[in-house]
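6 protein chains.
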Amino acid sequence: MRVFVINPNTTESVTDHIRRELEKIKQPDTELTVVNPEHGPVSIESVYDETLAGAPTLELVRRANEEGYDVIVLACFSDPALDAAKEVSDIPVIGIEEATLHMAAMLGHKFSITTAFSNRVPTRELHTRLRGVESAYASTLVMNMSVLDMDANPEEAKARIQELARKAVQEDGAEVIVLGCAGLTGYAEDIERKLGVVVLDPTSVAFKIAEAIADLGLRHSKIGRFATPPVKEIK
Amino acid sequence: MRVFVINPNTTESVTDHIRRELEKIKQPDTELTVVNPEHGPVSIESVYDETLAGAPTLELVRRANEEGYDVIVLACFSDPALDAAKEVSDIPVIGIEEATLHMAAMLGHKFSITTAFSNRVPTRELHTRLRGVESAYASTLVMNMSVLDMDANPEEAKARIQELARKAVQEDGAEVIVLGCAGLTGYAEDIERKLGVVVLDPTSVAFKIAEAIADLGLRHSKIGRFATPPVKEIK
Amino acid sequence: MRVFVINPNTTESVTDHIRRELEKIKQPDTELTVVNPEHGPVSIESVYDETLAGAPTLELVRRANEEGYDVIVLACFSDPALDAAKEVSDIPVIGIEEATLHMAAMLGHKFSITTAFSNRVPTRELHTRLRGVESAYASTLVMNMSVLDMDANPEEAKARIQELARKAVQEDGAEVIVLGCAGLTGYAEDIERKLGVVVLDPTSVAFKIAEAIADLGLRHSKIGRFATPPVKEIK
Amino acid sequence: MRVFVINPNTTESVTDHIRRELEKIKQPDTELTVVNPEHGPVSIESVYDETLAGAPTLELVRRANEEGYDVIVLACFSDPALDAAKEVSDIPVIGIEEATLHMAAMLGHKFSITTAFSNRVPTRELHTRLRGVESAYASTLVMNMSVLDMDANPEEAKARIQELARKAVQEDGAEVIVLGCAGLTGYAEDIERKLGVVVLDPTSVAFKIAEAIADLGLRHSKIGRFATPPVKEIK
Amino acid sequence: MRVFVINPNTTESVTDHIRRELEKIKQPDTELTVVNPEHGPVSIESVYDETLAGAPTLELVRRANEEGYDVIVLACFSDPALDAAKEVSDIPVIGIEEATLHMAAMLGHKFSITTAFSNRVPTRELHTRLRGVESAYASTLVMNMSVLDMDANPEEAKARIQELARKAVQEDGAEVIVLGCAGLTGYAEDIERKLGVVVLDPTSVAFKIAEAIADLGLRHSKIGRFATPPVKEIK
Amino acid sequence: MRVFVINPNTTESVTDHIRRELEKIKQPDTELTVVNPEHGPVSIESVYDETLAGAPTLELVRRANEEGYDVIVLACFSDPALDAAKEVSDIPVIGIEEATLHMAAMLGHKFSITTAFSNRVPTRELHTRLRGVESAYASTLVMNMSVLDMDANPEEAKARIQELARKAVQEDGAEVIVLGCAGLTGYAEDIERKLGVVVLDPTSVAFKIAEAIADLGLRHSKIGRFATPPVKEIK
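Chains as they are written, first to last, in the numbering used here: chain X, 1 to 235; chain P, 1 to 235; chain L, 1 to 235; chain D, 1 to 235; chain W, 1 to 235; chain Y, 1 to 235.
Treat each hint with caution, since some may be false.
As the list makes no split between identical chains, a pair holds if one copy fits it or if it spans any two.
Using 20 Å as the maximum straight-line C-alpha spacing, the simulated EDC-like pairs for lysine to aspartate or glutamate come out as follows [claimed, not checked]:
id	residue 1	residue 2
1	Lys235	Asp190
2	Lys235	Asp149
3	Lys235	Glu59
4	Lys24	Glu66
5	Lys26	Asp70
6	Lys222	Glu155
7	Lys194	Glu31
8	Lys158	Glu189
9	Lys24	Glu192
10	Lys235	Glu67
11	Lys222	Glu192
12	Lys235	Glu66
13	Lys232	Glu31
14	Lys26	Glu134
15	Lys158	Glu134
16	Lys232	Asp90
17	Lys222	Asp172
18	Lys194	Glu233
19	Lys235	Glu192
20	Lys194	Asp16
21	Lys222	Asp190
Simulated from the structure, these hints should not be mistaken for laboratory data.
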């Protein structure tokens with residue numbers, strides 16, 4: 001099986017981090033490719049960033065289709081351009097946000113999601129509603145740390161998550177904590193051990209779901225919402 | 001008052017059509033600018049098209065801010081890049097879809113929306129949910145006509161809308177019909193007269209709401225969902 | 001254009017206050033009439049008050065229709081008798097609550113509403129649900145001041161709103177504050193300047209929406225929910 | 001126990017009909033009073049009618065409180081002025097719509113409601129949402145018969161209900177049929193026998209719930225939504 | 001009328017407690033039987049307990065049908081096996097949770113429910129959603145007392161409920177308090193007097209609703225959700 | 001990895017069928033055990049059947065925990081006793097319904113579910129709501145074939161599903177078809193090829209998700225909804 005993982009931001013150290021973590025958990029016979037676009041924002045922390053990352057990400061989606069991969073993982077927690085990717089792709093595309101929110105809804109009554117800054121709380125709420133899992137949404141936990149800072153200071157990031165997660169369990173009824181950033185891959189186990197609560201690392205969760213989907217021979221439906229777009233002139 | 005209207009697709013005849021219609025209804029002292037991006041899809045009929053239109057549209061949003069306009073109207077019924085536009089804009093940005101769906105919810109119990117092809121029905125449903133007006137949603141009416149065809153064959157387009165709208169009133173409980181395409185500007189009155197039901201032309205509705213917002217000195221809130229994005233490197 | 005504004009309570013000083021504020025923002029060629037019924041409660045602070053104000057308000061709606069006005073604004077934040085008014089009116093009727101809640105849902109992720117006393121919190125919640133905008137509802141802010149006290153002590157009212165609004169932004173995720181009383185017309189700008197958040201004055205917002213609706217030649221749909229009632233004996 | 005039943009319309013034959021039916025099912029020691037206001041519409045078939053019936057109905061609610069009744073039943077399926085009645089009443093007030101919709105939600109998965117004309121379908125939908133039982137709502141069945149016609153032609157009314165109910169069971173998933181009019185009291189059993197489905201007569205259902213509430217010594221809560229309104233001048 | 005009340009746990013002192021309380025409020029001519037299964041858990045404080053109590057409870061439901069009772073009341077606040085009971089029963093079955101939540105939704109804007117331990121909060125939320133009354137749900141109040149402890153220490157239980165209920169009124173907007181345990185039968189009046197808020201004892205409420213249903217000759221619908229199960233081999 | 005699959009009904013041919021199908025798709029190093037209880041109904045087609053299957057299923061859940069399995073799959077589409085199983089289990093338990101509904105919500109805009117008889121339509125609706133994925137629910141498709149008949153006549157079952165699925169795509173907006181019965185394992189590929197739409201076999205989907213969960217070292221949260229039940233006497 002050949003899995004194509006796209007980090008939609010342009011920071012290669014994040015791409016490398018993701019590759020290292022996924023190498024540890026992939027099935028032995030899985031061939032793993034992790035890439036990022038050449039152009040676009042160095043991190044994705046606004047809908048503006050998501051929009052700029054859109055077209056370059058879709059180029060990579062096309063490439064994965066042309067090169068015969070079995071499944072694509074979109075490794076940014078906002079799932080930028082996910083619906084467009086499903087439209088242009090014939091192979092399944094898994095967003096790490098959608099896969100993880102659905103998993104979280106199965107593993108506990110309610111989940112809380114960590115995020116970088118308070119301006120992203122509405123995005124987390126809206127996406128939870130868009131995915132149709134709002135009844136399992138407890139709260140969003142604001143780390144007040146940029147995505148690149150989290151990458152640079154893992155221990156500080158883990159400490160903040162622990163503190164916020166403990167509060168979410170006590171006050172918001174959270175039973176599962178979702179690490180709302182692809183760059184936090186590999187942090188879950190550590191936090192979970194200290195916290196005694198289920199912590200989900202979206203990149204890992206989505207990657208294993210992607211392997212399962214490829215093993216099952218599944219794909220997304222191409223007859224409606226994700227139908228291949230009409231061919232037309234792009235000026 | 002200076003209003004900046006963006007047609008996010010790259011077909012100038014549509015831009016001209018919109019300009020002509022809005023000239024007829026603008027307040028006497030309103031200065032009207034209607035533009036389209038140079039690059040991007042010639043029409044917007046998929047989330048893929050919306051994604052490609054995103055970055056060029058945001059460039060125009062920046063230009064309107066720099067050139068001191070009072071309010072921006074985004075004239076494509078899918079409101080592509082609307083949230084990102086609100087993030088990067090200090091002046092209000094009105095999407096024709098959001099303005100029209102809220103208006104429709106006031107003018108009748110339920111509304112139906114026309115769309116080009118059946119693959120867009122899920123988009124209409126999702127956007128209605130995103131706007132938070134799903135309790136007023138009756139149905140989406142599939143015209144089976146491309147956006148450019150509607151522009152080229154207005155009488156055929158009107159005839160199809162009439163037939164679909166009549167059915168929506170009888171079978172879906174629709175009390176208001178929303179023309180789900182910016183290119184249909186100016187068709188509403190004709191159809192309404194023949195149908196005896198309220199028909200909304202989104203570009204006109206949003207334009208007058210934009211004038212009202214500018215008159216009131218209102219803007220969108222910049223403290224959360226639409227906060228100005230962090231400055232960062234775009235590779 | 002001729003706009004007919006109804007203050008459904010019987011306190012003329014409130015009617016005069018509304019007239020003064022709307023004179024400042026009306027289009028130059030708008031002819032403005034602001035009236036209140038002769039009979040009914042002096043303020044509207046309960047569903048009981050709303051019910052007593054119903055029949056006298058509907059008399060004024062009839063009068064506006066007979067006298068050839070273009071649009072009616074119902075200037076009480078509970079929109080008393082709004083649906084009945086739409087039934088008996090052939091010209092559009094805009095409730096200040098419905099127009100403002102829909103506007104608030106466009107200008108920010110969530111809104112909070114000020115109200116006089118805690119017994120009105122359920123009304124605010126129910127009306128938000130009835131208008132179909134509950135996903136944008138953050139909270140109701142209790143002023144503990146009667147409507148007539150707010151009219152008599154504007155500075156005290158503004159100070160309380162500021163304090164409550166600040167808390168709503170920090171704790172409830174509010175991005176827009178709605179002044180939930182027609183008598184607060186004209187207070188928004190002052191509070192907004194001090195607070196740095198969007199503050200909506202419902203009477204002003206609804207009035208400009210009414211002008212836009214009249215300019216567009218729109219009316220509410222008369223084929224279902226707002227159909228003209230059957231003629232019958234009223235004993 | 002003393003039960004005070006208010007028919008909010010001014011047609012005495014309907015009041016007499018209700019009295020006759022309730023006499024048959026009341027507990028032996030229940031003292032039954034059934035009245036209607038002197039002034040107001042002869043039937044209630046629009047929100048306009050509901051609004052006109054409001055103030056006279058509230059007068060009767062006050063009288064029941066003054067005369068020491070134990071519980072009030074509001075016998076019109078639109079529950080006109082119900083919230084206002086609960087505000088001004090210290091004894092419990094039961095609306096036949098609310099009591100019946102909650103009963104229907106217990107007796108089957110989904111219910112359908114009969115109504116006079118198609119303009120009332122939105123009211124049925126809105127009230128179902130207001131009562132918070134929309135997940136059990138299947139459909140509204142339009143009889144195309146005025147309320148007074150139903151009273152005058154019981155057999156014709158029953159035949160239409162049977163036909164509509166059969167269709168609702170087959171096509172809408174209805175498991176319970178609610179007769180959406182107080183004047184249909186006493187028709188349920190007959191229809192139920194012919195149809196093999198549960199048919200609810202709202203006036204009877206609400207009356208027995210009222211007796212149960214009085215027996216239990218319950219009342220509605222007076223601390224929030226139904227708090228006694230502030231005393232004020234009514235001009 | 002013959003009413004059959006099932007306490008689904010196997011603690012006879014609770015059964016006796018329920019019988020004593022219901023004897024006080026039953027109609028004079030009601031013949032009351034209160035029983036519990038021989039086998040199963042001594043109290044019901046988890047979904048595991050509910051599952052174990054299921055089959056023995058259904059045996060008693062069959063017995064009530066065979067012995068010609070008019071109506072069955074299931075007296076455990078989790079309504080264990082309620083849907084299965086309605087499937088196998090031709091006489092109406094009333095769960096004390098469903099009857100009480102619907103009653104609570106009529107008597108106030110929002111209700112809070114007491115529960116034994118925090119692990120049951122999700123169950124209360126889920127059941128409220130299942131009953132379709134989630135819009136009236138305020139909160140669940142955790143007593144941190146086992147069901148058998150509540151039975152053994154009524155004064156301690158009442159004191160805790162009072163404290164929690166006071167907080168729910170002030171902070172959660174609760175207007176009605178639901179005692180979420182069949183074993184608390186008879187405590188409501190005392191608490192209500194001290195608290196000034198409406199307190200519902202589910203067993204009493206459901207019992208009187210059951211009498212009303214039997215008086216009305218109603219039953220649950222047997223054509224869909226509660227259809228009699230197909231006869232089959234049970235190994 | 002050791003996976004324990006429970007067929008909650010007592011028909012061994014169904015158990016054998018499931019084992020054969022899962023052997024084909026398991027990871028090479030997965031040790032697969034598929035069992036059914038000795039006692040209980042031979043098929044599960046009602047809530048009554050689900051209730052009877054509950055206690056015996058929980059015995060098997062305990063056994064899997066004692067014997068050191070890594071993950072449990074509950075292979076009946078109604079997920080009988082799933083919450084109770086999660087309470088008593090320290091290893092993850094995956095219900096085939098919950099896993100498949102969440103997968104379906106990712107692979108298309110809306111899904112339809114096949115079921116045996118029309119009495120099960122409400123169960124499908126309720127479970128979809130319980131799982132929190134109701135916004136992706138299109139319809140339930142009634143096969144009018146018992147579970148054992150489906151097992152005995154695979155070609156007839158496939159033909160009926162094809163016909164119903166085609167209709168669901170055209171009329172209900174379904175983009176994914178869920179085979180709502182564990183016994184249909186292995187039918188999906190055939191139907192999918194003929195239909196051109198995505199068809200999900202719940203047992204296969206849930207099994208691969210279970211492997212992914214075990215690979216990730218995940219478990220369900222034990223701090224709230226699925227907390228281990230208090231130890232108590234079971235008479």
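Exercise. Measure nothing new, just compare the shortest in-copy and cross-copy C-alpha distances for Lys222 and Asp190 to 20 Å and report within, between, both or neither.
Key: between (40 Å within a copy, 18 Å between copies)
Quiz item: When no copy is specified for Lys194 and Asp16, does a C-alpha distance of 20 Å or less occur within a copy, between copies, both, or neither?
Solution: Neither. Shortest intra-copy (26 Å) and inter-copy (43 Å) distances fail the 20 Å Cα cut-off.
Quiz item: Between the shortest in-copy and the shortest cross-copy C-alpha distance, which are at most 20 Å for Lys222 and Glu192: within, between, both, or neither?
Solution: between (38 Å within a copy, 12 Å between copies)
Quiz prompt | Same-copy or cross-copy closeness of Lys194 to Glu233 [CA-CA at most 20 Å] | solution = neither (55 Å within a copy, 34 Å between copies)
Exercise. Using 20 Å as the alpha carbon limit, work out where Lys235 and Glu192 are close: within a copy, between copies, both or neither.
Key: Result: close neither inside a copy nor across copies, 50 Å intra and 36 Å inter.
Exercise. Check Lys26 against Asp70 for me: Cα-Cα at most 20 Å, and say if that holds within a copy, between copies, both or neither.
Key: both (14 Å within a copy, 18 Å between copies)
Practice problem: Pop the pair Lys24 and Glu192 into one bin, within, between, both or neither, using alpha-carbon distances up to 20 Å. | Solution: within (18 Å within a copy, 34 Å between copies)
Self-check item: Intra/inter-copy verdict for Lys235 and Glu66 if alpha-carbon distance must be at most 20 Å
Solution: Cα proximity of Lys235 and Glu66: none, with 23 Å in one copy and 25 Å across.
Quiz item: What label fits Lys232 with Asp90 when the C-alpha limit is 20 Å: within, between, both, or neither?
Solution: Within. Shortest intra-copy distance 18 Å satisfies the 20 Å Cα cut-off; inter-copy 34 Å does not.
Quiz prompt | Copy assignment of Lys194 with Glu31, given that the CA separation must stay at most 20 Å | solution = Neither way: Lys194 and Glu31 sit 33 Å apart in one copy and 31 Å across, limit 20 Å.
Quiz prompt | Alpha-carbon proximity between Lys24 and Glu66, which holds within one copy, between copies, both or neither at 20 Å | solution = neither (27 Å within a copy, 29 Å between copies)
Quiz item: Is it within, between, both, or neither for Lys222 and Glu155, if the alpha carbons may be no more than 20 Å apart?
Solution: neither (43 Å within a copy, 26 Å between copies)
Of the numbered hints stated above, those contradicted by the structure are hints 1, 4, 6, 7, 10, 12, 13, 14, 15, 18, 19 and 20, listed in ascending order.
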